[in-house]
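Novice: Protein chains in written order, with my numbering: chain A, 24 to 320; chain B, 48 to 363; chain C, 246 to 676.
None of the hints are false.
For lysine to aspartate or glutamate, the following EDC-like pairs were computed, each having C-alpha atoms within a straight-line distance of at most 20 Å: (1) C:K398 with A:E81; (2) C:K530 with A:E81; (3) C:K322 with A:D252; (4) B:K133 with C:E669; (5) C:K322 with A:D262; (6) C:K530 with A:E79; (7) B:K356 with A:D142; (8) C:K430 with A:E81; (9) C:K302 with C:D291; (10) A:K209 with B:D253; (11) C:K456 with C:E444; (12) C:K381 with C:E567; (13) C:K530 with A:D96.
The hints are simulated quantities; they were obtained by calculation from the structure and are not laboratory data. Being a predicted model, the structure only gives us computed values, none of them experimental.
Read off the chains here:
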Amino acid sequence: MTSEAPRLTVVTGVDTNASRWTRRALSLLAHAALIGASILMLYPLLWMLSASFRPENEIFTATSLWPSSWSFDSYVRGWSGLRTSFGTFFLNSFILAILAIIGNLMTCSLAAFAFARLDFWGKPFWFAMMLGTLMLPYQVTLIPQYVLFHNLGWVNTFLPLVVPKFLAADSFFIFLMVQFFRGIPKELDEAAQMDGCSPWRIYWKVLLPLSTPVLATAGVFTFIWTWDDFFGPLIYLSDIRTYTVMLGLRTFVDSSAQSDWGGLFAMSILSLLPIFVFFLFFQRLLIEGIATTGMKR
Amino acid sequence: MTARSSVASSGTPLERAASPSVWSRLWNRNAGGYLFLLPWFIGFFGLTLGPIISSLYLSFTNFDLLTPPDWVGPANYVRIFTADPKFVQSMKVTFLFVLFSVPLKLAFAMAVALLLNRGMRGLPLYRAVFYLPSLLGASVAIAVLWRQLFAGSGIVNQFLANFGIEGPSWISNPRYSLWTLIVLAVWQFGSPMIIFLAGLRQIPQDVYEAASLEGANKWRIFWKITLPLLTPVVFFNAIIQTIEGFKSFTPAFIISGGTGNPINSTLFYTLYLYQEAFSFFRMGYASALAWVLLAVVALFTGFSFLTSKYWVHYDE
Amino acid sequence: MTHLDRRQFLLGTTALFAVGAIGINPVMSAETRMRLIFWGGQARADRTYGVTDLYTKANPGVTFDGEFMAFQDYWPKLATQTAGGNSPDVIQMDYRYIVEYANRNAIAPLDEFVGKHLMLDDFDADQLDGGKVGGKLYGISLGANSVAMIVNKAAFEEAGVPVPDANTSYEDLPKLAEAWKAGNKRAGMALWQDGSGTEPGLENWLRQRGKALYTAEGKAGFEAQDITDWFQMWNDLRDAGVTVSPDDQALDATDAIENTMVTLGKAAVTYANSNQLIAFQAVNKDPLTMTNYPRAKAGSMGGHYRKPSMFFSLGASSTQKEEGAKFINFFITDPEGAKILGVERGIPCKSSTRDAIASTLDAQSQIALNFVSNLGDLLGKLPPSPPANAGEVSVAFKTKSQEVAFGQQSPADAGPAFYQQAVEILARAKK
Numbered sequence: 024m025t026s027e028a029p030r031l032t033v034v035t036g037v038d039t040n041a042s043r044w045t046r047r048a049l050s051l052l053a054h055a056a057l058i059g060a061s062i063l064m065l066y067p068l069l070w071m072l073s074a075s076f077r078p079e080n081e082i083f084t085a086t087s088l089w090p091s092s093w094s095f096d097s098y099v100r101g102w103s104g105l106r107t108s109f110g111t112f113f114l115n116s117f118i119l120a121i122l123a124i125i126g127n128l129m130t131c132s133l134a135a136f137a138f139a140r141l142d143f144w145g146k147p148f149w150f151a152m153m154l155g156t157l158m159l160p161y162q163v164t165l166i167p168q169y170v171l172f173h174n175l176g177w178v179n180t181f182l183p184l185v186v187p188k189f190l191a192a193d194s195f196f197i198f199l200m201v202q203f204f205r206g207i208p209k210e211l212d213e214a215a216q217m218d219g220c221s222p223w224r225i226y227w228k229v230l231l232p233l234s235t236p237v238l239a240t241a242g243v244f245t246f247i248w249t250w251d252d253f254f255g256p257l258i259y260l261s262d263i264r265t266y267t268v269m270l271g272l273r274t275f276v277d278s279s280a281q282s283d284w285g286g287l288f289a290m291s292i293l294s295l296l297p298i299f300v301f302f303l304f305f306q307r308l309l310i311e312g313i314a315t316t317g318m319k320r
Numbered sequence: 048m049t050a051r052s053s054v055a056s057s058g059t060p061l062e063r064a065a066s067p068s069v070w071s072r073l074w075n076r077n078a079g080g081y082l083f084l085l086p087w088f089i090g091f092f093g094l095t096l097g098p099i100i101s102s103l104y105l106s107f108t109n110f111d112l113l114t115p116p117d118w119v120g121p122a123n124y125v126r127i128f129t130a131d132p133k134f135v136q137s138m139k140v141t142f143l144f145v146l147f148s149v150p151l152k153l154a155f156a157m158a159v160a161l162l163l164n165r166g167m168r169g170l171p172l173y174r175a176v177f178y179l180p181s182l183l184g185a186s187v188a189i190a191v192l193w194r195q196l197f198a199g200s201g202i203v204n205q206f207l208a209n210f211g212i213e214g215p216s217w218i219s220n221p222r223y224s225l226w227t228l229i230v231l232a233v234w235q236f237g238s239p240m241i242i243f244l245a246g247l248r249q250i251p252q253d254v255y256e257a258a259s260l261e262g263a264n265k266w267r268i269f270w271k272i273t274l275p276l277l278t279p280v281v282f283f284n285a286i287i288q289t290i291e292g293f294k295s296f297t298p299a300f301i302i303s304g305g306t307g308n309p310i311n312s313t314l315f316y317t318l319y320l321y322q323e324a325f326s327f328f329r330m331g332y333a334s335a336l337a338w339v340l341l342a343v344v345a346l347f348t349g350f351s352f353l354t355s356k357y358w359v360h361y362d363e
Numbered sequence: 246m247t248h249l250d251r252r253q254f255l256l257g258t259t260a261l262f263a264v265g266a267i268g269i270n271p272v273m274s275a276e277t278r279m280r281l282i283f284w285g286g287q288a289r290a291d292r293t294y295g296v297t298d299l300y301t302k303a304n305p306g307v308t309f310d311g312e313f314m315a316f317q318d319y320w321p322k323l324a325t326q327t328a329g330g331n332s333p334d335v336i337q338m339d340y341r342y343i344v345e346y347a348n349r350n351a352i353a354p355l356d357e358f359v360g361k362h363l364m365l366d367d368f369d370a371d372q373l374d375g376g377k378v379g380g381k382l383y384g385i386s387l388g389a390n391s392v393a394m395i396v397n398k399a400a401f402e403e404a405g406v407p408v409p410d411a412n413t414s415y416e417d418l419p420k421l422a423e424a425w426k427a428g429n430k431r432a433g434m435a436l437w438q439d440g441s442g443t444e445p446g447l448e449n450w451l452r453q454r455g456k457a458l459y460t461a462e463g464k465a466g467f468e469a470q471d472i473t474d475w476f477q478m479w480n481d482l483r484d485a486g487v488t489v490s491p492d493d494q495a496l497d498a499t500d501a502i503e504n505t506m507v508t509l510g511k512a513a514v515t516y517a518n519s520n521q522l523i524a525f526q527a528v529n530k531d532p533l534t535m536t537n538y539p540r541a542k543a544g545s546m547g548g549h550y551r552k553p554s555m556f557f558s559l560g561a562s563s564t565q566k567e568e569g570a571k572f573i574n575f576f577i578t579d580p581e582g583a584k585i586l587g588v589e590r591g592i593p594c595k596s597s598t599r600d601a602i603a604s605t606l607d608a609q610s611q612i613a614l615n616f617v618s619n620l621g622d623l624l625g626k627l628p629p630s631p632p633a634n635a636g637e638v639s640v641a642f643k644t645k646s647q648e649v650a651f652g653q654q655s656p657a658d659a660g661p662a663f664y665q666q667a668v669e670i671l672a673r674a675k676k
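Please construct the entire structure, taking both the sequences and the accompanying hints into account.
Specialist: Pasting the structure below:
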C-alpha cells in the first residue's frame, strides 16, 4: 500500500516532458470514459434495485428506472418469506465459500507446483488428464456422481460440495496457478535448491510468497463461483435449512405459478453485497504482487 | 495453520531419502511430484474418474435415466454424425459463439486490465464496478434484464430511435438472438480481466524502469515487454475461455428458457445435450454428445498447446 | 444386447474408486419422516405446508421434509434422485411426465390403496382416468383445470370493444381486430397473441375438427393438411393485423407468465390455463379476466377438456407407500386443508371438497371455479394420455411455428414437414 505513490511516478515518469496540463486533461478524459463505461456496467444493478422497490405488477412493463411508488416490502417479505430466514442461507453460503477457498488454495497450489516445477514420470499424461476433466460437460457426469455421493451417504450434506475442493478437483485453478508459477523466475528455486532446500520448502518459502496475485485471484473466484453456484446445491441439498443464497433465490420464482418477483430482486441485491464487498477488500491482495515485494531478478 | 503443519510433515521424508540404489533414484526423481499431487490423485481416482468412465459407458447405451441401460454399441455416435440435424445446428451455433465471444471478451478484458492496472485515482472502485456484471452470473434477474434491454421496445431500441433507426426485437429475432448472447458473454469479461490484472502485477517493475530509461514509448513497451511477459496468462485465458465457450450453457438456458429458440438460433451444444438428457430422457445419447464435444475441445486445446511453443514465453 | 443393471453398474464403477469416507447421516428418530417434493412458487409452498402441518397434527409422529422448486429445476433434480435410487415418497407429477415416469416404473401404481387408504368414491371420473397409464392408476389429480384465454379487461373497456366470449371464433378475429384498432388506447398493444406455436391451442382447434393431437395408440391424431391449415390460418390472422409480430411473440419462449404477451403489454389476449389467473393478476396492473379458447368456426364445439393440472404420485422405491397414500387422501379430502389449498392447483376433484371450499373463495378463484364448471358445449371428453416423447413433439412444434411466422417456410411446406417430424419422434420412443 505504501508503495502506491512511488510506483505511480515510475509509470508516469515515462512522459516527464509532457506538460502537467495535458496529463491532467488526459486523466480527466480517462475518468470520463471510465465513468461512462461504469454506468453501462452498473445499469443492471440499478435496474434490479429499482425492481426491488417497485410494485410487483409493473416490473415487466415499466420502462423508466424510477418506480411509480416506493416500498420496502419486498425486502421484509423476501427475507423471511421462504419459511426459513435468508440469514440461514447467507450463513450456509459463507460456510461453503470459506471452506472452498481453503480447500482450493491449499490443494490446487500443491498440484500446480508439481506440474510447474517438479519432474516426474508421466507428468504430461497427468497434466492432460487434469485438463481433460475440464472438457466434459457436467450434465453427463451428474448422475454417476450423485450415485457415488448417495452411496457414501453424503447427499443432503455439504460434503459433496466441499470435499472435492480439498481434493483439487477444480482443474481451472490448477491450470491458472501452473501458468503463474511458470512465470516466476526459475533461478530463484534453483538458488534455493543449491542451498539444500527441499521441494516443500521451495514451494512454501519461495513460490507461495511470490504468488499473492494469483492466490488472491483464485480466492476471489472461488468465493464468487461458490456463492453463485446453483446446480450443485440444487442437486445435493434438499433440506431448506441447508440451502444456499442462490438456491433460495431460485425458489422465489416458478414461471407457471404465482411467484415473488419483488422478493427475488430484493434478495438478489442483498446477495450481491457480500461478494461485492469481498471483492473490493480482496483486490488489495491482488495489487500487492511481486511488483511491490521489491524482488530483483 | 493446521493445514500448514500437516502438509509440511509429508514433505520431510523427501529430505531424508538419499541412498544411491536404482529404487531410491526412481524415488528421488518421482516421489516429490507424486506427493505434491497426492490430494489431486485421491480426488481424481476417488471422485472424478468413476463418473467420467460411467458417462463413457453410458454413451454406448440407451440409458433413459429411469430404467437400466441397454448396450447399443456405437448407435448413438452413428446417429450423431449421420441423422441429427439438431447436432449440426447446435455445433454451428456454438462455433459462432466461440468464434466471436472469445476474442472479443479477451480483447475487452485485456484493454480494461491495462487501463485499470495503475496510475489513476479510484481504481479499486472501477475494478469492482467492471467486475460487477460477472458477479451476477446466471441469476434469473439477467434473463428479465436482457429482455428489457434487447426487446423490440427495449432500451437499446429507444436509444437507436434517437438516430431514426427502428431496431427489431434483437433478443427474439432468429437473425440476431445469438448476438445478444455474445454481447452478454463479452459484457461479463470480469474474470479474464482479473487474471490479466494479476498477470500484469507479476511483471517485475525493474524491467519497465530499464525500458523507460532507454526512452521507449508506451506502445513499444507494451509490445516488447508487457505482452511477451503476459503470454502465459494470455494463453491460459484463451484456453479456458475457449473450453468454457464450447461448454457455455447458462446464458442460453436462462434467456431462452431452455428452448434454444427462436428457431434453434440459440441452441448451444450443451443446451441441446441437456434437453436430450433431462427433457427427452435420452441420457445415453446425451453422453455420446458430451464425448463428441470433449473430442472437439481436446483437439482445439491440443492444437493450442502445440503452437504455444512459438508464442508463449515462460521464464525458464 | 447385453443388459446390465444400471445401479449395479454405476455402483461398481464408482465404488471401485470411492475413498472410504465417514457418511454423515441425519439423525434418525422413531418418527416417520415423509419426503415430499413439488414444483411451484412460495404461494403454493405455503398452502402445501399448511396441509402437511395439519396432517402432522392429526397424525403425531409423522413429519414431512418438503422440497419445492421451479418447474424448470424440478425435473433434472427428480430424475437425478430417481436415477440415484433416492426418490422421495410423495412426488408431484405433471400430466405429460406421468407417462414417462409410469412407463419406466419410477412411480408406483396406486390401485392397491384405492378403497383402503384412498377414498375416491365421489372423485370425478375423468380426473381419475387422467391419472391412469396403461390401465393402472399412477397419480391422484390435485385439481382440474382447463385451457383458458387471459384477457386484459381494462384495455378492452377502454377501447370500447366487447370482451371475447364463449361464441367468439377464429373467423371473428379479423373483424374484432378492426374494432380493436379503431378504439385501442394502448400504444403497441395488439389484440391477440400469435398462438400458432401454442400446442394446447392447436390441440383445442384439432379437437373441434374431430381430430386430436394423439390417438389412444400413441400415434399422431392429425394429418399434414391439418397443420398446414392451422399455420395458414395464423398467417392470415397475422397479415390481417390481429396478432403481435413474430419478433414479439418469440419473446415468450416457454409460456412463462412473466413473458406472455399480456404481461408484457403487447397483446390484450393470451393463451394460458384456468388456474393461472391469480398468478397473472399478480404481475399485471390492469384487471384481468378469463374466457375460453376461440371456436374453430361458429358452432364448432368440444375443444376443451378438464385436465388434471397436477398429480401426487408415490415414488416406486419409497418404503412408506401406505403412509404416502394416507397423506394423499388427506390432501384431497380434509375440509380444513382444502380451504388452505383453495383452487391454487386447480378445482378440487371430489365434490365434497368442492362444496367445502365454495364459500371461502376470493373473487378470482371464483372466476376460475365458474369457468371450469360452466364450459357447456365447449367441453369434450378427456383425450388419451399423451405418448412417450410427446414433450419433444411439442418442442418441435414451437420451432416449426416460428419458422413459418418468420417466413422461412410456407404453411404448405411446414404442414407435411412437421407431420413427418412428429411421426419420427414418436417412433423413436424406447419400447
